[in-house]
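Please construct the entire structure, taking both the sequences and the accompanying hints into account.
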Amino acid sequence: MSIYGHCRDTLVSVMNRLVSQIEAYSKTYEATSGERLYEHLRYRVKSEESMLDKLRRRGLEPTPMNALRTLTDAIGLRIVCLFIDDVYENAARIKALPGVRVVQEKDYIRDAKPNGYRSYHMILDVETEETDVEGNTPGHYYVEIQLRTIAMDTWAALEHELKYKKDIRNPEVIAQELHRCANDLAACDVSMQTLKRIIREM
Amino acid sequence: MKILFAEDETDLREVVTAYLEYQGYTVIAVCNGQEALEKAKADAFDAMVLDVMMPVMDGITAMRRIREAGNLSPAIFLTAKSQVSDRVEGLDAGADDYLTKPFAMEELSARLRALERRKRDYKVRTLSFGNIVLDTEASELRAHNTIGLAYKEMRLLGCLITNSEREIPTTELLREIWAGEDADANTVWMYVSFLQAKLQSVQANIAISGDRGHSYQLREI
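Quick note, the sequences are listed as chains E and U, same order. So for the first sequence, my numbering puts the first residue at 1; every next one is plus one. So for the second sequence, my numbering puts the first residue at 1; every next one is plus one.
Not one of these hints is a red herring.
DSS-like, lysine-lysine: derived pairs with alpha carbons at most 30 Å apart:
| id | chain 1 | residue 1 | chain 2 | residue 2 |
| --- | --- | --- | --- | --- |
| 1 | E | K27 | E | K196 |
| 2 | E | K95 | E | K46 |
| 3 | U | K152 | E | K113 |
| 4 | E | K106 | E | K95 |
| 5 | E | K196 | U | K152 |
| 6 | E | K163 | E | K46 |
These aren't lab readings, by the way, just hints derived from the structure by calculation.
This is how it looks when you write it as structure tokens:
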């Protein structure tokens, strides 16, 4: 028995359809401009094990309702871009996709987290012809999307390692240096975006 | 304030040491240039007072060696001679000021205070304007977020903040920040653009006004 109940297969097809939609607009953009809107597009349905783990951590009953309604990250996409402007361009194009409604948006690029984390987060409500966990047809599924630059992605990878590593010596110093790295990377992202604009204007 | 004091005449050394200690300074007193050099290498001092004529190693040689070792603490030298060449040599060796013997104690401590004041002024760590803080030590710009700054960006922003009540011409910025470098109005404008974007990214409530090649000024938005 899956934690996602009868929705297990639908999750995969909802995810694949959204991925195809994103790949489609990206392809069109590339054909007209010769440039890519993103470098990587990664996606996954959260594993049964991780989902059960997360429900337990949150003190939630392990039911499909909690997995698919209380929590919203059963389907997760990550889009990694070259430039900051591309992050916002992708966000705008995703919002405009048919059958997609934005439930929540958090711009951690404008409002960096205290530790220096930067990313653009969206929670989508995606409509599908298939049934959802509540038995509705058409059904509704949540999708979490993280959009960021390569620099932000590198930083997040390192921060993730720090977060899950136990018994680190002087963690404050590491956190402080990591924060400095976040600020330096942000400086680089902003400078490169500015240079790109200047080169275009030449 | 910790002071390194080198003087070979015992009476004078004791009197000056007592006076400076009475003024609240911590004084490490030595008898010649060689000892001064060793102390300066072993410890950090807020200021140094060195006599010129001393046995073993004279004050000017000691001064030069101390500076060669990268020590930038403010220094005053004491000279019995009133020759111009002597004072020139002392200043060129890296001293910041001098006193001709005999001198008044009050003048020595006034000159120490002056050096202290200058040192503090040079060490302005943070500058503020609008909702931003420029941290020159960490090379960071802070407002809602924090972002790193390149050296030239930091100098440029510092210049804009300290002159915020007037427009600064591109020529002046080139002279101040890019002196002796291969830079022109476009260089300045590029750095203005970098700063502009960084101000936006930390959600500053200020921006830089001015067109390429003209004058720039910080404005609240």
